[in-house]
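Asks: Residues per chain, in single letters:
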Amino acid sequence: MENILEVKNLHVTFSTYGGNVKAVRGVDFHLKKGETLAIVGESGCGKSVTSNSIMRLIPNPPGRIVAGNILFNGEDLTKASEKRMRSIRGVDISMIFQDPMTALNPTLTIGTQLIEGLVQHHKVTAKQAKRKAIEMLELVGIPNPEERLKQYPHQFSGGMRQRIVIAIALICEPELLIADEPTTALDVTIQAQILELFIKIQKETGVSIILITHDLGVVAKIADRIAVMYAGKIIETGTKREIFYEAQHPYTKGLLHSVPRLDARGDLKPIDGSPPDLFSPPIGCPFAARCPFTMEVCDNVFPVQTNLSHHHIVNCWLQDPRAKKSKSVRITVDGRQPT
Amino acid sequence: MLRYTLKRLLIAFITLWIIISITFLLMISVPGSPFNTDKTSNETVQANLEAHYNLDEPYFIQYVLYLKSIATFDFGPSIKQPNQTVNDLLGRGFPISFELGMITIVVAVISGITLGIFSALKHNGIIDYLAMGFAVLGISIPNFILATLLIQKLAVDYSIFPVATWASPSHMVLPVLALATGPMAIIARLTRSTMLEVLTQDYIKMARAKGLSPWKITIKHALRNALMPVVTIMGTLLAAILTGTFVIEQIFAIPGMGKYFVESINQRDYPVIMGTTVFYSAFLILMLFLVDIVYGLLDPRIKLHKKGGK
Numbered sequence: 001m002e003n004i005l006e007v008k009n010l011h012v013t014f015s016t017y018g019g020n021v022k023a024v025r026g027v028d029f030h031l032k033k034g035e036t037l038a039i040v041g042e043s044g045c046g047k048s049v050t051s052n053s054i055m056r057l058i059p060n061p062p063g064r065i066v067a068g069n070i071l072f073n074g075e076d077l078t079k080a081s082e083k084r085m086r087s088i089r090g091v092d093i094s095m096i097f098q099d100p101m102t103a104l105n106p107t108l109t110i111g112t113q114l115i116e117g118l119v120q121h122h123k124v125t126a127k128q129a130k131r132k133a134i135e136m137l138e139l140v141g142i143p144n145p146e147e148r149l150k151q152y153p154h155q156f157s158g159g160m161r162q163r164i165v166i167a168i169a170l171i172c173e174p175e176l177l178i179a180d181e182p183t184t185a186l187d188v189t190i191q192a193q194i195l196e197l198f199i200k201i202q203k204e205t206g207v208s209i210i211l212i213t214h215d216l217g218v219v220a221k222i223a224d225r226i227a228v229m230y231a232g233k234i235i236e237t238g239t240k241r242e243i244f245y246e247a248q249h250p251y252t253k254g255l256l257h258s259v260p261r262l263d264a265r266g267d268l269k270p271i272d273g274s275p276p277d278l279f280s281p282p283i284g285c286p287f288a289a290r291c292p293f294t295m296e297v298c299d300n301v302f303p304v305q306t307n308l309s310h311h312h313i314v315n316c317w318l319q320d321p322r323a324k325k326s327k328s329v330r331i332t333v334d335g336r337q338p339t
Numbered sequence: 001m002l003r004y005t006l007k008r009l010l011i012a013f014i015t016l017w018i019i020i021s022i023t024f025l026l027m028i029s030v031p032g033s034p035f036n037t038d039k040t041s042n043e044t045v046q047a048n049l050e051a052h053y054n055l056d057e058p059y060f061i062q063y064v065l066y067l068k069s070i071a072t073f074d075f076g077p078s079i080k081q082p083n084q085t086v087n088d089l090l091g092r093g094f095p096i097s098f099e100l101g102m103i104t105i106v107v108a109v110i111s112g113i114t115l116g117i118f119s120a121l122k123h124n125g126i127i128d129y130l131a132m133g134f135a136v137l138g139i140s141i142p143n144f145i146l147a148t149l150l151i152q153k154l155a156v157d158y159s160i161f162p163v164a165t166w167a168s169p170s171h172m173v174l175p176v177l178a179l180a181t182g183p184m185a186i187i188a189r190l191t192r193s194t195m196l197e198v199l200t201q202d203y204i205k206m207a208r209a210k211g212l213s214p215w216k217i218t219i220k221h222a223l224r225n226a227l228m229p230v231v232t233i234m235g236t237l238l239a240a241i242l243t244g245t246f247v248i249e250q251i252f253a254i255p256g257m258g259k260y261f262v263e264s265i266n267q268r269d270y271p272v273i274m275g276t277t278v279f280y281s282a283f284l285i286l287m288l289f290l291v292d293i294v295y296g297l298l299d300p301r302i303k304l305h306k307k308g309g310k
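First to last, the sequence lines map onto chains A and B.
Counted the way the UniProt record's numbering counts, the first sequence spans residues 1 to 339.
Counted the way the UniProt record's numbering counts, the second sequence spans residues 1 to 310.
Simulated from the structure, these hints should not be mistaken for laboratory data.
In this text the structure is predicted, and so the values were computed from the model without any measurement.
It is possible that some hints are incorrect.
Listed next, with one range per pair, are the computed distances between beta-carbon atoms [to be verified]:
{"#": "1", "chain 1": "A", "residue 1": "I199", "chain 2": "B", "residue 2": "P214", "range": "53 to 63 angstroms"}
{"#": "2", "chain 1": "A", "residue 1": "T189", "chain 2": "B", "residue 2": "L137", "range": "20 to 30 angstroms"}
{"#": "3", "chain 1": "A", "residue 1": "N307", "chain 2": "B", "residue 2": "P214", "range": "35 to 45 angstroms"}
{"#": "4", "chain 1": "B", "residue 1": "V294", "chain 2": "A", "residue 2": "N9", "range": "51 to 61 angstroms"}
{"#": "5", "chain 1": "A", "residue 1": "T125", "chain 2": "B", "residue 2": "V163", "range": "33 to 43 angstroms"}
{"#": "6", "chain 1": "B", "residue 1": "T5", "chain 2": "A", "residue 2": "H154", "range": "22 to 32 angstroms"}
{"#": "7", "chain 1": "B", "residue 1": "Y4", "chain 2": "A", "residue 2": "E6", "range": "56 to 66 angstroms"}
{"#": "8", "chain 1": "B", "residue 1": "I302", "chain 2": "A", "residue 2": "E173", "range": "47 to 57 angstroms"}
{"#": "9", "chain 1": "B", "residue 1": "T200", "chain 2": "A", "residue 2": "R322", "range": "30 to 40 angstroms"}
{"#": "10", "chain 1": "A", "residue 1": "S87", "chain 2": "B", "residue 2": "V163", "range": "18 to 28 angstroms"}
{"#": "11", "chain 1": "B", "residue 1": "T5", "chain 2": "A", "residue 2": "P270", "range": "24 to 34 angstroms"}
{"#": "12", "chain 1": "B", "residue 1": "S170", "chain 2": "A", "residue 2": "P61", "range": "57 to 67 angstroms"}
According to the in silico footprint, chain A covers these stretches of chain B (three or more CB under 8 angstroms from chain A) [unchecked claim]:
{"#": "13", "segment": "192-204"}
{"#": "14", "segment": "207-216"}
{"#": "15", "segment": "289-300"}
In silico BS3-like cross-links for lysine-lysine, where the CA-CA straight-line distance does not exceed 27 angstroms [said to hold, decoys possible]:
{"#": "16", "chain 1": "A", "residue 1": "K240", "chain 2": "A", "residue 2": "K253"}
{"#": "17", "chain 1": "B", "residue 1": "K153", "chain 2": "A", "residue 2": "K132"}
{"#": "18", "chain 1": "A", "residue 1": "K132", "chain 2": "A", "residue 2": "K33"}
{"#": "19", "chain 1": "B", "residue 1": "K80", "chain 2": "A", "residue 2": "K132"}
{"#": "20", "chain 1": "A", "residue 1": "K150", "chain 2": "B", "residue 2": "K80"}
{"#": "21", "chain 1": "B", "residue 1": "K122", "chain 2": "B", "residue 2": "K220"}
{"#": "22", "chain 1": "A", "residue 1": "K83", "chain 2": "A", "residue 2": "K33"}
{"#": "23", "chain 1": "B", "residue 1": "K259", "chain 2": "A", "residue 2": "K130"}
{"#": "24", "chain 1": "A", "residue 1": "K221", "chain 2": "A", "residue 2": "K32"}
{"#": "25", "chain 1": "B", "residue 1": "K216", "chain 2": "A", "residue 2": "K83"}
{"#": "26", "chain 1": "A", "residue 1": "K130", "chain 2": "A", "residue 2": "K221"}
{"#": "27", "chain 1": "A", "residue 1": "K79", "chain 2": "A", "residue 2": "K8"}
{"#": "28", "chain 1": "A", "residue 1": "K221", "chain 2": "A", "residue 2": "K269"}
{"#": "29", "chain 1": "A", "residue 1": "K132", "chain 2": "A", "residue 2": "K79"}
{"#": "30", "chain 1": "A", "residue 1": "K203", "chain 2": "A", "residue 2": "K221"}
{"#": "31", "chain 1": "A", "residue 1": "K150", "chain 2": "A", "residue 2": "K132"}
{"#": "32", "chain 1": "A", "residue 1": "K127", "chain 2": "B", "residue 2": "K259"}
{"#": "33", "chain 1": "B", "residue 1": "K122", "chain 2": "A", "residue 2": "K79"}
{"#": "34", "chain 1": "A", "residue 1": "K150", "chain 2": "B", "residue 2": "K259"}
{"#": "35", "chain 1": "B", "residue 1": "K7", "chain 2": "B", "residue 2": "K80"}
{"#": "36", "chain 1": "A", "residue 1": "K123", "chain 2": "B", "residue 2": "K220"}
{"#": "37", "chain 1": "B", "residue 1": "K220", "chain 2": "A", "residue 2": "K130"}
{"#": "38", "chain 1": "A", "residue 1": "K22", "chain 2": "B", "residue 2": "K122"}
{"#": "39", "chain 1": "A", "residue 1": "K123", "chain 2": "B", "residue 2": "K216"}
{"#": "40", "chain 1": "B", "residue 1": "K220", "chain 2": "A", "residue 2": "K83"}
All residues carry an ideal CB built from backbone N, CA and C; glycine is no exception.
Model the full structure from these sequences, guided by the hints.
Replies: Okay, here's the thing in structure tokens:
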């Protein structure tokens, strides 16, 4: 399968009064047609900045893509003009935002907001646009679509609004859908419904999805592959199976241990410490300060990439043959190194 | 909607009644009478005159008579302007004042919003600093000082515009400029700050993610939301412009209502005071009502009426 998207060595920096924040520091990943890639990581790790960079929606100033390439169907989006980007946004690449309560304009009807992208990019009559809008509302499961088109966002519940946001994102039939924490603002039962909707839509339209989230439950449900981000870098990628059952990076393991489980006894095990300051990120492994297995090399040199399988890639010195007993190191239940 | 209108109408009448009562109290507490002038006149003549205008009656009776005249929209004859009723004066003065006020509002709103939008879009740029500096000046300088400055510079020194009166469009430029600068500055600052806030909202990002042009995003998505606070202060601004017309009309010798209003107070011309006050109040109340309706039209979340007792 060909890659619809390839991100190579992406660097994004924000200039602030306090200095430059290096939010994304050399991110590489790719996405195949019809695939769902989840980018996970804690708040501030650069996952939203990465996704906004693909759409070139980083507010500039202060944000800037300082290096790297974003190849979408072979075209480098970092070099595309703003006009070219406008013809890509909403048509080839669409985006779903985190909070459906604020993503819709309160003063315009749902119908207006649904069809405006379509009218902007395609030559359609008002009648065709309306028919398409009704079709989209049916696809995302909103009853009485014809009536609902005339209503305003405040007349819908949170879950319904997220369905509408999804309908807006899909109305021009994009090839790539970027969902930035699409279920974070919703309650659990609605989350499940929205995830089902994603699965249904992908089956019907074959759209490729990048899912940004910090919720591993969401990832487990719909992702094909997972990329784990930490302090502006991707530190481990692999298939869903490889990440959930064969995670190698201590941070990934720590993340998995931080999820409450119904079948496990004892306290939840958070990762000690906090992420590094991105004003002056560490030269070595950014996780070194919090890692229970830190070695001397970790502080000084960023780990080289180790390919464990075709998909499973990890950046950790523990994978180096010179690391003592690296393969046999296992995290215990309490998340610390056994001694 | 009908119920809401009726409710507002009732409140309007109560407000008017309070204004009338306060005006009446102020009128009787100010010493002097329309006939108590420099020219000393015969006491019998004065008593006759007072009797003619019911000024010899007890205050309570006078109050009731006033209420009656207002209820019938007949404010009676002016005491000081011979052979003229208050309604005549209002009919002559109001169209001119209305014209001045409306042109001022249109100029202030359009230029204020435009300045605000450009300042917000070019946030912290040269246009922004210039416009906001101008706005601070506009807010700080009282309109009567601006008016005299404008007359001195543009009318007397350079003779670009006429000095005073109200005849042709070129006569309107200076008074409108003097009157509109303050409200325009307020609107510009308000539009800028709300625009800046609205532009960071998720729905603006979403509009950008749809691939809409910056122009369309500004007009269709941002401006509509940014206008809400502007509409809110429109009521206050209308009042400010209305009272501003008194002063500006005096300075530019414009024969509007403001002139009668000020003169009537100086001359204790009671029917004219009452007539102009009630008229101004009613007009302002009507304008505030219109502002509320516009508010509801702009933002569908604001319901003017409640359905079925919910």
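Asks: Do the beta carbons of B/T5 and A/P270 sit within 24 to 34 angstroms of each other?
Replies: 60 angstroms Cβ-Cβ, so the 24 to 34 angstroms window is violated.
Asks: Keeping to a limit of 27 angstroms between CA atoms, is the pair of B/K216 and A/K83 held or broken?
Replies: 14 angstroms, holds
Asks: Within 27 angstroms, alpha carbon to alpha carbon, are B/K122 and B/K220?
Replies: Distance ~18 angstroms between B/K122 and B/K220 Cα, so the pair holds.
Asks: B/S170 and A/P61, beta-carbon distance inside 57 to 67 angstroms?
Replies: 46 angstroms, violated
Asks: Are the Cα positions of A/K221 and A/K269 separated by 27 angstroms at most?
Replies: Between A/K221 and A/K269 the Cα gap is close to 23 angstroms, so the pair holds against 27 angstroms.
Asks: Does the Cβ distance between A/N307 and B/P214 fall inside 35 to 45 angstroms?
Replies: 44 angstroms, holds
Asks: When you check the alpha-carbon spacing of A/K123 and B/K216, does it fall within 27 angstroms?
Replies: Holds, because 17 angstroms separates the two Cα atoms, which is no more than 27 angstroms.
Asks: So the hint says 18 to 28 angstroms: do the beta-carbon atoms of A/S87 and B/V163 match that?
Replies: About 57 angstroms separates the Cβ atoms of A/S87 and B/V163, which means 18 to 28 angstroms is violated.
Asks: Within 27 angstroms, alpha carbon to alpha carbon, are A/K130 and A/K221?
Replies: 33 angstroms, violated
Asks: Within the segment 207-216 of chain B, is the number of residues with a Cβ closer than 8 angstroms to a Cβ of chain A three or more?
Replies: holds (count 8)
Asks: Is A/K203 within 27 angstroms of A/K221, Cα to Cα?
Replies: 14 angstroms, holds
Asks: Quickly compare the C-alpha distance for A/K127 and B/K259 to 27 angstroms and report which way the hint goes.
Replies: Cα-Cα ~58 angstroms, so violated.
In summary, the numbered hints that this structure violates are 1, 2, 5, 8, 9, 10, 11, 12, 17, 19, 20, 23, 26, 29, 32, 34 and 35.
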